[in-house]
Structures are given as C-alpha cells and as structure tokens.
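**Q** So the sequence lines, in the order shown, correspond to chains B and L. Here the first sequence is numbered in my numbering, starting from 1 and rising by one per residue. Here the second sequence is numbered in my numbering, starting from 407 and rising by one per residue.
These are calculated hints, taken from the structure and not from any lab test. Be careful, since some hints might not be right.
[Claimed, not checked] The calculated lysine to aspartate or glutamate pairs, modelled on EDC-like cross-linking and capped at a C-alpha distance of 20 Å, are:
no.: 1; chain 1: L; residue 1: K514; chain 2: L; residue 2: E489
no.: 2; chain 1: B; residue 1: K12; chain 2: L; residue 2: E560
no.: 3; chain 1: B; residue 1: K401; chain 2: L; residue 2: D445
no.: 4; chain 1: B; residue 1: K85; chain 2: L; residue 2: E533
no.: 5; chain 1: B; residue 1: K133; chain 2: B; residue 2: E113
no.: 6; chain 1: L; residue 1: K563; chain 2: B; residue 2: E113
no.: 7; chain 1: B; residue 1: K340; chain 2: L; residue 2: D472
no.: 8; chain 1: B; residue 1: K340; chain 2: L; residue 2: E483
no.: 9; chain 1: L; residue 1: K563; chain 2: B; residue 2: E16
no.: 10; chain 1: L; residue 1: K583; chain 2: B; residue 2: D389
no.: 11; chain 1: L; residue 1: K564; chain 2: B; residue 2: E7
no.: 12; chain 1: B; residue 1: K133; chain 2: B; residue 2: D164
no.: 13; chain 1: B; residue 1: K150; chain 2: L; residue 2: E533
no.: 14; chain 1: B; residue 1: K401; chain 2: L; residue 2: E582
no.: 15; chain 1: B; residue 1: K378; chain 2: B; residue 2: D389
no.: 16; chain 1: B; residue 1: K378; chain 2: L; residue 2: E616
no.: 17; chain 1: B; residue 1: K12; chain 2: L; residue 2: E616
no.: 18; chain 1: B; residue 1: K340; chain 2: L; residue 2: E488
no.: 19; chain 1: L; residue 1: K564; chain 2: B; residue 2: E16
no.: 20; chain 1: B; residue 1: K340; chain 2: L; residue 2: E582
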Amino acid sequence: MKLSDYEPIVGKNVIEELKQLASRLSAKVVRNVNSTAVGGGVAEILSRMTPLLNELGLRAHWDVIKAEGEFFSVTKKLHNMLHGKKAELTQSEIDLFLETGEKNLKNMDLRGEIIFVHDPQPIILVKKKSQLKKSNWIWRCHIDVSQPNKQAWDFLKPYIEQYDVSVFSSPSFAQTLNIRQVLIPPSIDPLSDKNKELSGETINSALRKFGIVEDKPLIVQISRFDYLKDPLGVIDVYRLVKKYIDCQLVLAGGTATDDPESSKVLSEVRERAGRDPDIHILAVPAASDIEINALQRAASVILQKSIREGFALTVTEGLWKAKPVVASAVGGIPMQIRHKFSGLLSRTTEGTAYWVKQLLNSPEYAKALGEAGREYIKQNFLLTRHLRDYLLLFLSLYHNKDIVNI
Amino acid sequence: MRKIKKAEQPFTFYTRLHLQELTGRKARGLKELLEGIRDVSGSVIYHHTHRFLQQHQFLSPEPPNDFAYWITEILGEHKLGEELASIDTIQFSSIRALRNKLVETLEKHIGQMKDTGQGQFRVSTVEEQFHFVKTVSFILPSGYVARDIVEFVEILKKVTIDSIYFHVFEAKLRLEKQMNDFSYWIDTSCADPELAQKLSRLDPYTHTLEGLRAKIVNLVGKRIEEARV
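Let the sequences and hints guide you as you build the complete structure.
**A** Following this line, the structure appears as structure tokens:
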C-alpha cells in the first residue's frame, strides 16, 4: 500500500501532516527489531509501517532476531507471565534467553539513529547502546502488562530502563519506570481484507455459506474460543434477548493449534448452544479475513463480552464498520468506547442483554451510535494515526519539552 | 461601512499534533484523584480537560472532561460530575487557574460528604481506575499565511481542525495568551475590534471543531459582505 491509497479515507490533510513531520526526520535510519517476520500482530504492523516510513523519506529497516524453537517456548512463557499468569522462569530458561540475546548481539547490525525494539524477545540488544553513542533506543511493549507476574517484570525491568523511552498500548499498562512511557494504542488498517469495504454480494455469499438468514436481527461476537472471551456468557445474553426479540447469534473465531484449551471451550460452547438453529458456532480457519469482515458488516449488534482483554482490536473493527458495539469495560475497551457516545459498556450478562435489547428495539439510536463509533475510530485508531504517533515519538527523542516548536 | 484593509502583520496558521505520555500515577477514589490533580504537571491537567475536544470533535455537544466523565460514569457521583463538567473553561487564561478551580470543586464536595456523615467514598475497580496521562504538543507551521480577512476566511475553510484547535484553545490556555489568536490578529493587525470581540465571545467548548469553523467563517464572511456592499 502507498500513502496515497489512504487519502480517500483519512483526507489529504492527514497525509500532508505525515509528510511535514517526516521532513523533520529526513534520512534518519530507523531500525525495527522483533522476533518474527510472519504471523502475529507485530509482524503485521511492521510489514505495513516499514514501507510507509520509507515512502516518507526515513530509512526504515526491519530485522528479525535468530533463535531456536526452545527459545520461543521460553518467550511464550514469559509472554503469558507478563499477562499475569502464575508460573516461574527456571534458571536454565533464563540462561537460554540471555544466550540467544548475546548471539544476536554479536551478529546483528544495530547501527542507526533510532533503534526500535519490539516486545521482550530482543530486549537485551540494548546492551549495545553504550557502544553506539548517537543512537536512541525505544522499547515498544505490545503486551497487556496491567498486572504482570512479578518475577517476569523484575527480570525485564533492568533492561527496559536502559532504553531512552518505552511505549505502551493502553493507560492501564503504565508502570513505575525511570524512563519516559509513551502511550501509543494499536490501530487497524482500513485497507486490509479484514476491514476494507465489501460488496453486498460478498456479504450475502458469506451469510449463505454459513447458513445465516437475513430476516432476523444478528448478534455477532468475533473472537477465538477462549474462556477469557466468555463465549458461554454470550449465549446466555442471546437467550435473555431471544425471550423478547426473535434474533440469531454468531460466535465466530479461530481455534489456535498451540492452545489445547480452545477445543475444550468450543465443545462446551456447542453443548450450551444445543440444537438451537439460530445459534451459529463458526470455528473458522486463520485465513478467513473476508468472511469475518462480512459477518461484522452483516451484524445488527456486535458484542465483545470479554472477561480480560488486551486492546481488543475486534472492537475497533466493529466500530469502524459503523456497528453499535456492546463490550465489557475491560483492558483497552474503555479507550475505544465512551459509554453512550461511541458504543455501550457493560459489566454483567444481564446488563449486556439489556443494552442489546435497547439497540435492537431502537434502530435509529443504534445507527447514530455506530456512526459516532466509526468516526471515533477514524480519528483515533487507524494506521495513519499510528504512523503519526511513531513520527512524533521519533521527534520527541530530540526535544525534551512538553510544548515543542518544530 | 468599513473597507477591508491589508493586515499590518500577516497571520501564519500553525497546527499542533499531540503525543500522549503515561505518568504511571493512578487514582481509584476521589481523594487520590484530588491529590493527583494537585500534584501533576500542567500538561496532565491540559490533557484531561481537552482530550475530548480532539478525540470526539465530531460529537455535539462534546462529552465532558475526563475527570467529570470518570466521576460520573465510574464512581457514580453524578452531582460532582455535573459540577466538574460545567466548569466554564473559557473563563480561565492559565492551566494553573483551571487546576485551582478543579481542586476547589473537589475539596468542597469531599468536605460536604464529611460534614453530612457520608464518609463512604466510592472506589473504582482496578480495571477502571483513573490513569493520569500528559500531552506533549508539537507545533508546526501549516504553510498557510493570510494577509487580510478575505484570505483568512478562505484558508480557514481548508486548514485542519488541529490548526483551528491550536489557535483557539491551545494558544489561549496553554500558551497563556489573553484571547484566541484569531481575535488578537483581527483586533491588532486588521484594526477591527468589533469583529475581534464577536469571535472572542464565542464559547468554543460548546461547539464541535467543525461547528466552530463554520461559525467563524460565517462571522468573518458577513463582515466581508458588509464591506463589499
């Protein structure tokens, strides 16, 4: 994608602003480092950001650390611990983490004005900072660290504090650190398969494929089959609504192969749904972005009844499609939904059902809420805003004030 | 009738872009919130009283400031929330003065709760606690310069809402100028105190930024029409 592709969506001024900011950073070498070239949100964002930064005149690179499978088992464990999971890193796991980091330190080219390290896997590369006098180091945390496991956090903290600045995705992830903490929420790409406009025919063919009828209101929750997304609670919500409004429910999401729990959750969900023909449980393969997009666009109401969340990009996607969204007030969701302004927040099954009924019975209110939600996402959570925040972050490395004339 | 004069000094349109920084400071109840409001930097107060204007600029009327929203929606203190939401921000020419008003309003409410024996202060869950965030502003020229009010109004129609935001809100309150930049220029460089006064009287906090743009374009446009008759 090129910057000009985004102009019809965000407007010429937004693109012009990006160019103006970038002109003040011209030719700076920005070296992104993460742990994987494909798969996962970080790689997806970097694959889109790097060419756009280059188009803007920076010299952006994207490098991936080299590591063996066992290293990733350790970092997966570390990742879960940062999410708050109870576990303990053993000495041999710590040794493997550090040895892999040291090997990469020796072999990687880390020259550049801005070294932008993503997530914990490559974190120890910052040891090179003292040898590279003119470089500025940024550590970008993409993980929910609102309630991290203490051992995991204490292990990483001395490395984080060697960076010049850290970046987190939500205010609730803020930590006590002796370096600056910048808030940069994630974003969605309006031109990706998951979010681009679809024709009526594409939407209808997806509905036919899944056996969904068009003459009943449709409640949709998109998320993997995980207890933390409360799919059983979603069925309870549907049943409370169904007493008064003849509607359908779609629960659609992937079942991760590395998550044995997901098939257990899926079978419990199927059992709870019973033989109700209006409940559609769809375990979709990973490459189903267009179908997911179609289901969201066909929805009358979108739910995200999570018990815990990171940022919840499924909420961003729903709002971007101008849908009324009812979601739990957890994780990054309150950042996206201001209750009764850009969507509705709920905290209980009964409360969620109450709001869904209100929306289905008041289509004009639902429409207005959805439109406000789309506008809010347009202003705050699209890729171009993310790019602008990165440019401002880079500029902030060279200016140490709260009001900066550039 | 008044002729349109060339301005003594041209008006340079600037724009501003914001980066948000986390402070790590949190509050779960009114007392912690009050302590936070007393201690944090002016850039934090600015963030929480003006963020809505930027992020929800398309809504009218805009939702209130972050403090009022959190106190109303999370703590369920509706009376205090309304008092904070209705603080007339336009009256204040410095963040310091605005902060004092917020502190005074919170202190009064907490005092009343104690006096009436309502000592049970509500607290939020950990998930919904208040996080103090600050705004770092980057100010840059937009590339547009007006030499009279005719050029001014044409440029005003096409600059970003960030530019309008900067000249109306940020210049006055954060940079502590006595009036918004548009009024000041029209008064001092265009020698039109009457029009300047009209722009000064607008309460920008009760308009969306697009609504404000339309209002200013309309007022200045009328003055141009009068001069052409």
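**Q** Run every hint past the structure and note whether it holds.
**A** Going through the hints against the structure:
no., hint, result
1, L:K514 to L:E489, "holds, 11 Å"
2, B:K12 to L:E560, "holds, 17 Å"
3, B:K401 to L:D445, "holds, 18 Å"
4, B:K85 to L:E533, "holds, 17 Å"
5, B:K133 to B:E113, "holds, 9 Å"
6, L:K563 to B:E113, "violated, 39 Å"
7, B:K340 to L:D472, "holds, 15 Å"
8, B:K340 to L:E483, "holds, 17 Å"
9, L:K563 to B:E16, "holds, 16 Å"
10, L:K583 to B:D389, "violated, 28 Å"
11, L:K564 to B:E7, "holds, 15 Å"
12, B:K133 to B:D164, "holds, 12 Å"
13, B:K150 to L:E533, "holds, 18 Å"
14, B:K401 to L:E582, "holds, 17 Å"
15, B:K378 to B:D389, "holds, 15 Å"
16, B:K378 to L:E616, "holds, 15 Å"
17, B:K12 to L:E616, "holds, 16 Å"
18, B:K340 to L:E488, "holds, 16 Å"
19, L:K564 to B:E16, "holds, 13 Å"
20, B:K340 to L:E582, "violated, 34 Å"
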